[in-house]
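J.: Take a look at the letters that make up each chain.
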Amino acid sequence: MNSSLITTKTQRHKEKHYEVSAPSVTQWWSWFKDHHEDTKSTKKNDMSSDGNNFRSALVIGYGNTLRGDDAAGVRVAEELARRHPALRCLSVHQLTPELAHDIAEVDRVFFVDADAMADHVYAESVEQTPARSVRSHSLSPTSLLSLARDLYGHAPRQAHVIGIPAREFDLSEDLSPAARTGVAEAVECVGAMLERS
Amino acid sequence: MTKTITISPVTRIEGHAKITIALQPNGDVAETRFHVNEFRGFEKFTEGRLMWEMPGITSRICGICPASHLVTSAKAGDDILAVEVPETAEKLRRMLTLAQWLQSHALSFFHLSSPDFLLGFDSDPATRNVFGLIGHDKELALKGIRLRKFGQEVIEILGGRKIHTPWTVPGGVRDPLTAENRDRMLAWIPEARQTVGIALETIKKVHAKYKNEITEFGNFRSLFVGLVSKDGALEYYDGFLRIMDGNGNTIADKLDPKKFEEYFGEAVESWSWLKFPYFKQFGYPDGMYRVGPLARVNICDFIETPEAEEERKVFKKLSGNVGVVNNSFYYHYARCIEMLFAVEKIEQLLNDPAILGTTIRSQASINRTEGVGFCEAPRGVLFHRYKVNKDGVIQQANLIIATAQNNIAMNRTVHQIAAHFIDGKKGKITEGMLNRVEAGIRCYDPCLSCSTHALGQMPLHVELFDANGSLLDSVTRS
Chain S
373 MNSSLITTKT QRHKEKHYEV SAPSVTQWWS WFKDHHEDTK STKKNDMSSD GNNFRSALVI
433 GYGNTLRGDD AAGVRVAEEL ARRHPALRCL SVHQLTPELA HDIAEVDRVF FVDADAMADH
493 VYAESVEQTP ARSVRSHSLS PTSLLSLARD LYGHAPRQAH VIGIPAREFD LSEDLSPAAR
553 TGVAEAVECV GAMLERS
Chain H
7 MTKTITISPV TRIEGHAKIT IALQPNGDVA ETRFHVNEFR GFEKFTEGRL MWEMPGITSR
67 ICGICPASHL VTSAKAGDDI LAVEVPETAE KLRRMLTLAQ WLQSHALSFF HLSSPDFLLG
127 FDSDPATRNV FGLIGHDKEL ALKGIRLRKF GQEVIEILGG RKIHTPWTVP GGVRDPLTAE
187 NRDRMLAWIP EARQTVGIAL ETIKKVHAKY KNEITEFGNF RSLFVGLVSK DGALEYYDGF
247 LRIMDGNGNT IADKLDPKKF EEYFGEAVES WSWLKFPYFK QFGYPDGMYR VGPLARVNIC
307 DFIETPEAEE ERKVFKKLSG NVGVVNNSFY YHYARCIEML FAVEKIEQLL NDPAILGTTI
367 RSQASINRTE GVGFCEAPRG VLFHRYKVNK DGVIQQANLI IATAQNNIAM NRTVHQIAAH
427 FIDGKKGKIT EGMLNRVEAG IRCYDPCLSC STHALGQMPL HVELFDANGS LLDSVTRS
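Line order of the protein sequences matches chains S and H.
Following my numbering, the numbering of the first sequence begins with 373 at its first residue and continues without gaps.
Following my numbering, the numbering of the second sequence begins with 7 at its first residue and continues without gaps.
These are computed hints drawn from the structure, not numbers from a lab.
Check before you lean on any hint, since a few could be wrong.
What the hints assert, rightly or not - Pulled from the structure, derived: some chain S residues nowhere near chain H, Cβ distances all over 10 Å:
| # | residue |
| --- | --- |
| 1 | N424 |
| 2 | R427 |
| 3 | R454 |
| 4 | P457 |
| 5 | D479 |
| 6 | R480 |
| 7 | S497 |
| 8 | E499 |
| 9 | D522 |
| 10 | H526 |
| 11 | R529 |
| 12 | D546 |
| 13 | P549 |
| 14 | R552 |
| 15 | R568 |
As the list claims (entries may be wrong) - Beta-carbon label-pair distances, calculated as ranges:
| # | chain 1 | residue 1 | chain 2 | residue 2 | range |
| --- | --- | --- | --- | --- | --- |
| 16 | H | D181 | S | R454 | 19 to 25 Å |
| 17 | H | E145 | S | E545 | 41 to 47 Å |
| 18 | S | D474 | H | A370 | 27 to 33 Å |
| 19 | S | T553 | H | R227 | 53 to 59 Å |
| 20 | S | P549 | H | A88 | 53 to 59 Å |
| 21 | H | A425 | S | T553 | 52 to 58 Å |
Using N, Cα and C, we set each Cβ at its ideal position, and we do this for glycine too.
With the hints as constraints, model all of the structure from the sequences given.
T.: Shown next as structure tokens:
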């Protein structure tokens, strides 16, 4: 993956501040097709799924599946699990402390979540800085990485938040069109990032 | 005119809530309110769905106690089918219920509340959390996570990784337990016992250290409500309702839980989405009652496992001559006793040959148009009532959740703590002061879940107003 297409949180906010758009999925997809025209083939995916990149990674999709677009992260994890049998995918309601153990066992982790503020799918590096805040029964990706490091002595080499545009959070088991498109794109995005790294 | 302090949202509880404290001109507390800002509305959402879907739907209400909704919903389905659940299925459901207690209580005790106890209510808020706990006692934090993981593993073994897939179904359960999986769970027991022992030692030391907080954290007389077995033992899956007053007198016993709406009403206040259940006989708000660990350990005559029963006897001595432990700070102790009970009882169930039985589901079609399910969720007794048509389509659903049942008591607790610890004359919000108010709420471990958590939606904003409504102080936690 072209590293310039993965932004850090700080970079992304800076880009917003200066009104420079973060790389859009359209941009990302165009770049991706130029470099990996055959990646969408099932055969290629199946072969890749047996590779180390997939076995050493963890995808955590989280959200409330009764709350419309909040389910987007869960849907991505479910689809990735279906496509890539070697990839460990967890679908959870929220991030809880015991996930630190699973995270400490991999080299790369993807936190996939709905984002009410996003207007496109993005892949953002999670800053590997010590987190010191725990607000409720649920933790943040940064907190979980810190927990993995502090408790088990190991945090993944790379950690990403995959954000999916989310618009509707009313009680529903359906995704909005924006979230539905975002889920499909995020599945491709994570798959491609794993293929390339 | 009064001053108003607002704490919004309350940290280290689930969901969205805030606290406002109105002060008199002289700085004394005039009124307090624990607001819940989110409307649930799940009951309406479920209308038109098939009764068979309800366990799978309602278990997705909450990420913290899905198994309790799963069991309660399936029991409402049993009632509609008018079936008796096979022995093995009931034992497996019982084990699932206890695993839910263990998983939830471990999170509450080790990671949400123990930073207050072990690091101090006045310690640096930046480190008064699980990370500070790791710095203080890494082994304890690790053991807490492992204990929660044990509960989670039991749930996953029984229900699959996707707990929201309805393993517990009307009539029984979907799959039997294998000997291999039984042994996997049994292998956890020694470590779980040891960890619970450490938790009990820890909380007893805390009692000696925080006498002031213990005196003021929700120390008032109220009713206590929970399930007991037919012989009076601590119950979690079936049994009868018992109501005890704040003097230790049993004022109602062997009540049929399926008739809960006859005994309890629900008041509504304009400033909170969370309803205020009360005991009808005493009216609102005098019919205030508490549910959950403190109530359960208070009202039962005994606990059926030996070590937990020994702890219950020690617990009861805290009541002095009153006969019932009225202080909400002791929710934590009761929670630890229940963790011990859960570990002992899960071991008993796993060693019961019936647990590997393969007759696990009673088949029937719709035989009643109304059914009620109930069980003791980690935070208290939970009820589901469904009305269905002849095809099993939900016409009406009513869910009474445990956290709501503690609503009046939580408000009373906030008032008591605020009146004691907040010095309104200074006009400043201090972390220690706020945290005591929040910690009072955390005694109940309220779960206002059912909420979305999309990125960037949980700020903490606190404001303090003077008697003229002018802003004196404002605190935002990132």
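J.: For every hint, state whether the structure bears it out.
T.: Checked hints:
1. N424: 23 Å, holds
2. R427: 18 Å, holds
3. R454: 13 Å, holds
4. P457: 14 Å, holds
5. D479: The claim stands: D479 of chain S keeps its Cβ more than 10 Å from every Cβ of chain H (closest is about 21 Å).
6. R480: Holds, because the least Cβ-Cβ distance between R480 of chain S and chain H comes to about 20 Å, which exceeds 10 Å.
7. S497: Nearest chain H Cβ is 15 Å from S497 of chain S, so the label holds.
8. E499: 14 Å, holds
9. D522: 5 Å, violated
10. H526: 14 Å, holds
11. R529: 21 Å, holds
12. D546: The assertion about D546 of chain S holds, with a minimum of 12 Å to chain H.
13. P549: Holds, since 17 Å exceeds 10 Å.
14. R552: Nearest chain H Cβ is 16 Å from R552 of chain S, so the label holds.
15. R568: Consistent with the label, R568 of chain S stays out of reach of chain H, its closest Cβ about 25 Å off (over 10 Å).
16. H:D181 / S:R454: 19 to 25 Å: About 22 Å separates the Cβ atoms of D181 of chain H and R454 of chain S, which means 19 to 25 Å holds.
17. H:E145 / S:E545: 41 to 47 Å: Once the Cβ atoms are compared, 43 Å apart, the range 41 to 47 Å for E545 of chain S and E145 of chain H holds.
18. S:D474 / H:A370: 27 to 33 Å: 40 Å, violated
19. S:T553 / H:R227: 53 to 59 Å: 58 Å, holds
20. S:P549 / H:A88: 53 to 59 Å: Once the Cβ atoms are compared, 44 Å apart, the range 53 to 59 Å for A88 of chain H and P549 of chain S is violated.
21. H:A425 / S:T553: 52 to 58 Å: 54 Å, holds
The structure fails hints 9, 18, 20 (numbered hints given earlier, in ascending order).
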